[in-house]
Amino acid sequence: MSETNLTAAQAPVVASGRSEPTIGLWGWVILAVAFAYAGYAMRWDWLLDWYPQLIRGLGTTMLLLATTVFLGMLLAIPIGLVQVFGPRWLSIPARAFCTVIRGTPLLLQLWLLYYGLGSLFPQFPAIRDSFLWPYLRQAWPYAVLSLTLSYAAYEGEVFRGAFAGVPKGQLEAARSFGMSPWHSFRRIWFPQAFHRALPTLAGETILQLKATPLVATITVMDIYSVAAQVRQQTYLTYEPLLVISVVYIIVAMGLLKLFATLTNTRYMRAPN
Amino acid sequence: MALTHSPEALRAEGIRKSFGSLEVLKGVDLTACKGDVIAIIGGSGSGKSTLLRCLNLLEHPTAGSLRIDGEEVGLTPDGRGHLGAASNAQIRRIRTKLAMVFQSFNLWSHMTLLENVTEVPVRVLGIPRDKATVEAMELLDRVGLADKANVYPAFLSGGQQQRGAIARALAVQPKVMLFDEPTSALDPELVGEVLKVITSLAEEGRTMILVTHEMGFARDVANHVVFLRDGLVEEQGLPAQVLGNPKSERLARFLGNVGRTSDHSTDYGRQ
Ligand SMILES: Nc1ncnc2c1ncn2[C@@H]1O[C@H](COP(=O)(O)OP(=O)(O)OP(=O)(O)O)[C@@H](O)[C@H]1O
Ligand SMILES: [Mg+2]
Chain U
1 MSETNLTAAQ APVVASGRSE PTIGLWGWVI LAVAFAYAGY AMRWDWLLDW
51 YPQLIRGLGT TMLLLATTVF LGMLLAIPIG LVQVFGPRWL SIPARAFCTV
101 IRGTPLLLQL WLLYYGLGSL FPQFPAIRDS FLWPYLRQAW PYAVLSLTLS
151 YAAYEGEVFR GAFAGVPKGQ LEAARSFGMS PWHSFRRIWF PQAFHRALPT
201 LAGETILQLK ATPLVATITV MDIYSVAAQV RQQTYLTYEP LLVISVVYII
251 VAMGLLKLFA TLTNTRYMRA PN
Chain H
1 MALTHSPEAL RAEGIRKSFG SLEVLKGVDL TACKGDVIAI IGGSGSGKST
51 LLRCLNLLEH PTAGSLRIDG EEVGLTPDGR GHLGAASNAQ IRRIRTKLAM
101 VFQSFNLWSH MTLLENVTEV PVRVLGIPRD KATVEAMELL DRVGLADKAN
151 VYPAFLSGGQ QQRGAIARAL AVQPKVMLFD EPTSALDPEL VGEVLKVITS
201 LAEEGRTMIL VTHEMGFARD VANHVVFLRD GLVEEQGLPA QVLGNPKSER
251 LARFLGNVGR TSDHSTDYGR Q
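Chains as they are written, first to last, in UniProt numbering: chain U, 1 to 272; chain H, 1 to 271.
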């Protein structure tokens with residue numbers, strides 16, 4: 001796979017961060033009408049009471065996203081790596097992990113961990129007496145764990161391809177000039193694999209953002225669960241959902257911008 | 001080689017190499033004294049690349065011994081039926097004395113030409129960056145690429161990439177330079193510029209071992225030619241003798257075939 005193919009295939013993801021698509025005159029008109037209607041026909045007074053919770057919920061969502069993307073990536077790198085050059089006793093479990101996690105619904109994994117592990121743990125006094133117990137009784141560790149595993153499985157697959165795509169000859173050149181395996185990984189293999197993976201990582205991170213509301217089902221107070229509370233207490237259905245939709249869109253656009261600035265394709269020939 | 005009395009730069013003895021049941025090298029001896037330019041010729045699949053790669057242990061030989069720059073390379077069974085380096089530290093140190101130039105250049109594509117040239121001096125040999133940069137610029141100037149220092153390899157022609165790879169190799173101040181068909185991947189019109197650089201290296205007395213299909217080049221630049229066939233040295237000696245007056249019929253036939261297929265091989269680097 002050449003880098004030009006990769007950038008071409010991922011072009012939509014990167015492009016939206018690079019060039020600003022204009023929505024045109026009619027776009028603005030429709031948007032203005034929608035806002036006018038929303039302001040006139042919908043109720044927004046609840047925002048005054050609820051915005052602190054919404055902001056806290058957004059904080060939880062962002063923290064969850066950042067933590068699980070970071071930890072997931074740390075896991076994904078070795079998972080991808082051992083599938084490319086690891087011994088079989090490592091590469092087979094890594095591949096199995098990716099297949100199982102990617103092949104089952106995230107909601108199922110979340111519930112299996114929270115209700116399954118979460119109800120298994122109290123039966124072991126050793127765990128109940130350990131310093132971890134105050135955390136294991138809460139919901140968020142299970143949310144972090146399952147979102148991390150999910151991200152790691154998808155990214156492990158991405159990194160596998162990215163590591164395999166770095167030309168062998170360049171690694172051989174590194175070896176022939178006396179670089180240690182770690183040096184060659186750090187300076188040659190990883191940087192190129194990471195650049196190859198970045199466009200896909202951008203898309204996967206946005207999917208991860210959109211998967212976070214699932215944690216509301218195990219009582220983690222993310223921004224979605226705040227919106228659900230608003231609905232229960234004010235009997236307003238659309239308004240809170242519209243507000244958090246706009247928030248998700250803004251966060252997603254910010255992420256795209258971030259990844260577009262991270263993506264260094266200066267050394268790749270532009271696809272023509 | 002036997003003609004000169006300069007000290008030994010590289011000595012390989014009894015090199016054998018098998019891939020599974022295929023025995024590619026069947027006991028090859030090769031000695032390069034300081035200043036020698038040895039050309040290895042032979043048909044496709046005769047084991048030329050494998051021999052070269054055994055010299056810096058990119059490939060683990062099945063048997064044999066290596067001495068580089070007067071230092072015996074510690075070899076030990078690698079658990080897969082071959083001989084690997086006994087000491088990782090030693091083989092890394094020795095590899096920095098043997099710079100390799102590859103058929104497919106293999107410049108690091110995420111680094112500029114200058115970064116490619118300074119990477120090993122700075123991060124493996126521990127030379128201060130300022131000093132390494134000055135030296136790298138001199139080398140790039142020497143191979144005619146001073147104006148391309150900040151360009152990434154993907155934006156260079158094959159000939160420029162290969163000259164860059166030669167600068168990268170020179171930057172480690174190698175005792176022996178290994179070239180594996182440095183011009184085979186190039187368009188014919190780019191071959192000359194690379195051969196010219198290699199010729200200038202030979203003229204300044206560098207020790208080089210090069211696998212090549214350019215017979216005219218081998219005749220002019222090498223002081224010793226080795227004809228490899230089927231994993232064995234079939235014939236070797238002075239270029240004029242080996243290339244001009246082959247003893248074995250196989251070499252004669254090989255030279256006849258090469259002569260017919262590569263016409264540009266004689267007009268390298270001549271303006
Ligand atoms: N990694 C490997 N695994 C298995 N067989 C190999 C490997 N590398 C080389 N060989 C085999 O060893 C033999 C010699 O290969 P080598 O590349 O040394 O030949 P060569 O003389 O360099 O040929 P060419 O002129 O085509 O480059 C060939 O038959 C090749 O198929
Ligand atoms: Mg070869």
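The hints are simulated quantities; they were obtained by calculation from the structure and are not laboratory data.
No residue lacks a Cβ here, since even glycine has one placed at the ideal position from N, Cα and C.
Just to be clear, a hint being listed does not mean it is correct.
Restraint ranges, calculated between C-beta atoms of paired labels, are given here [unchecked claim]: (1) U/Leu-112 - H/Val-151: 22 to 28 Å; (2) U/Gly-169 - H/Pro-188: 21 to 27 Å; (3) U/Ser-119 - H/Asn-88: 46 to 52 Å; (4) U/Pro-78 - H/Ser-65: 43 to 49 Å.
Verification of the hints:
1. U/Leu-112 - H/Val-151: 22 to 28 Å: With a Cβ separation near 53 Å, U/Leu-112 and H/Val-151 fall outside 22 to 28 Å, so the hint is violated.
2. U/Gly-169 - H/Pro-188: 21 to 27 Å: holds, 22 Å
3. U/Ser-119 - H/Asn-88: 46 to 52 Å: holds, 50 Å
4. U/Pro-78 - H/Ser-65: 43 to 49 Å: violated, 38 Å
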